[in-house]
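*Asks:* Sequence:
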Amino acid sequence: MVGKKFLMLQGGQTLSRREAFFEAPHLEEWKQTAIKNIKRHGYVGLVATIRTYFRFANFLKNKYQETKNKIKEIHIKRQRNMHPEKKEVSSFLKMVSEYKNKIRKIKERVKEEENL
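For the sequence shown, numbering that gives the first Met the number 0 begins at 0 and goes up steadily by one.
Hints are computed from structural coordinates only; laboratory data are not their basis.
Source: prediction; values computed, not measured.
Treat the hints loosely; a few may be bogus.
[Claimed, not checked] Okay, derived cross-link-like pairs now, DSBU-like style, lysine-lysine, Cα gap no bigger than 35 Å in a straight line:
#1 K85 - K69
#2 K71 - K99
#3 K101 - K86
#4 K76 - K62
#5 K86 - K71
#6 K76 - K93
#7 K71 - K60
#8 K62 - K30
#9 K60 - K38
#10 K93 - K104
#11 K101 - K85
#12 K110 - K85
[Stated by the list, open to error] So the derived label-pair ranges between C-beta atoms look like this:
#13 R50 - K71: 29 to 35 Å
#14 E28 - K3: 37 to 43 Å
#15 K4 - N57: 55 to 61 Å
#16 R50 - L26: 51 to 57 Å
#17 I37 - K67: 41 to 47 Å
#18 R77 - V109: 49 to 55 Å
#19 F91 - N114: 44 to 50 Å
#20 A47 - R77: 30 to 36 Å
#21 M81 - N114: 49 to 55 Å
#22 K106 - N68: 27 to 33 Å
#23 K85 - K106: 28 to 34 Å
#24 E112 - S89: 47 to 53 Å
We put the CB at the ideal spot given by N, CA and C, even for glycine.
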């Protein structure tokens, strides 16, 4: 269609007003609405991208902490199983058990002496 009109112009023929391919005011309106829509969609896309970035970063941070804690727990359990720690008995409990043993021995002696 454009080629046909171009040939007509080269031949010296003029185009009538009805045959004009594009009208300038419509093009300017389209241009303005296109720019407005591109800006609006650009801002929406930018906000969506930033929100997605922060959500994903927060998700990764949480998963990293969970995994780190799980690995620590597994490491601690393995170390406990490999090297069981000997717990020291408190001195008070040792003294109480010694006194109990002494009292038991004394009771046994008393019973033996009474039976004789």
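*Asks:* Could you tell me whether the CB distance from K106 to N68 stays inside 27 to 33 Å?
*Replies:* 54 Å, violated
*Asks:* State, for the Cβ atoms of R77 and V109, whether the hinted interval 49 to 55 Å holds or is violated.
*Replies:* 53 Å, holds
*Asks:* Given the hint that K71 pairs with K99, does the C-alpha gap stay at or below 35 Å?
*Replies:* Between K71 and K99 the Cα gap is close to 43 Å, so the pair fails against 35 Å, i.e. violated.
*Asks:* Quick check: does the Cβ-Cβ distance between F91 and N114 fall within 44 to 50 Å?
*Replies:* Violated, since F91 and N114 (Cβ atoms, about 35 Å apart) do not stay within the stated range.
*Asks:* Below or equal to 35 Å on CA atoms is what counts here, so check K76 against K93.
*Replies:* 29 Å, holds
*Asks:* Take the C-alpha atoms of K93 and K104, compute the straight-line distance between them, and say whether it is at most 35 Å.
*Replies:* Holds, at roughly 17 Å.
*Asks:* Take a quick look at whether K110 and K85 sit within 35 Å of each other, Cα to Cα.
*Replies:* 38 Å, violated
*Asks:* Holds or violated: K71 with K60, Cα cutoff 35 Å?
*Replies:* The hint holds at about 16 Å.
*Asks:* Checking one constraint from the list: CA of K85 to CA of K69, max 35 Å. Satisfied?
*Replies:* 25 Å, holds
*Asks:* Is 41 to 47 Å a correct range for the gap between the Cβ atoms of I37 and K67?
*Replies:* 44 Å Cβ-Cβ, so the 41 to 47 Å window holds.
*Asks:* With respect to the beta-carbon atoms only, verify the hint that A47 and R77 lie 30 to 36 Å apart.
*Replies:* For R77 against A47, whose Cβ atoms are near 45 Å apart, the range 30 to 36 Å is violated.
*Asks:* I want to verify a distance hint. Is the separation of the beta carbons of R50 and L26 within 51 to 57 Å?
*Replies:* 36 Å, violated
Hint compliance for this structure: hints 2, 8, 12, 14, 16, 19, 20, 22 and 24 are not met, and every other hint is.
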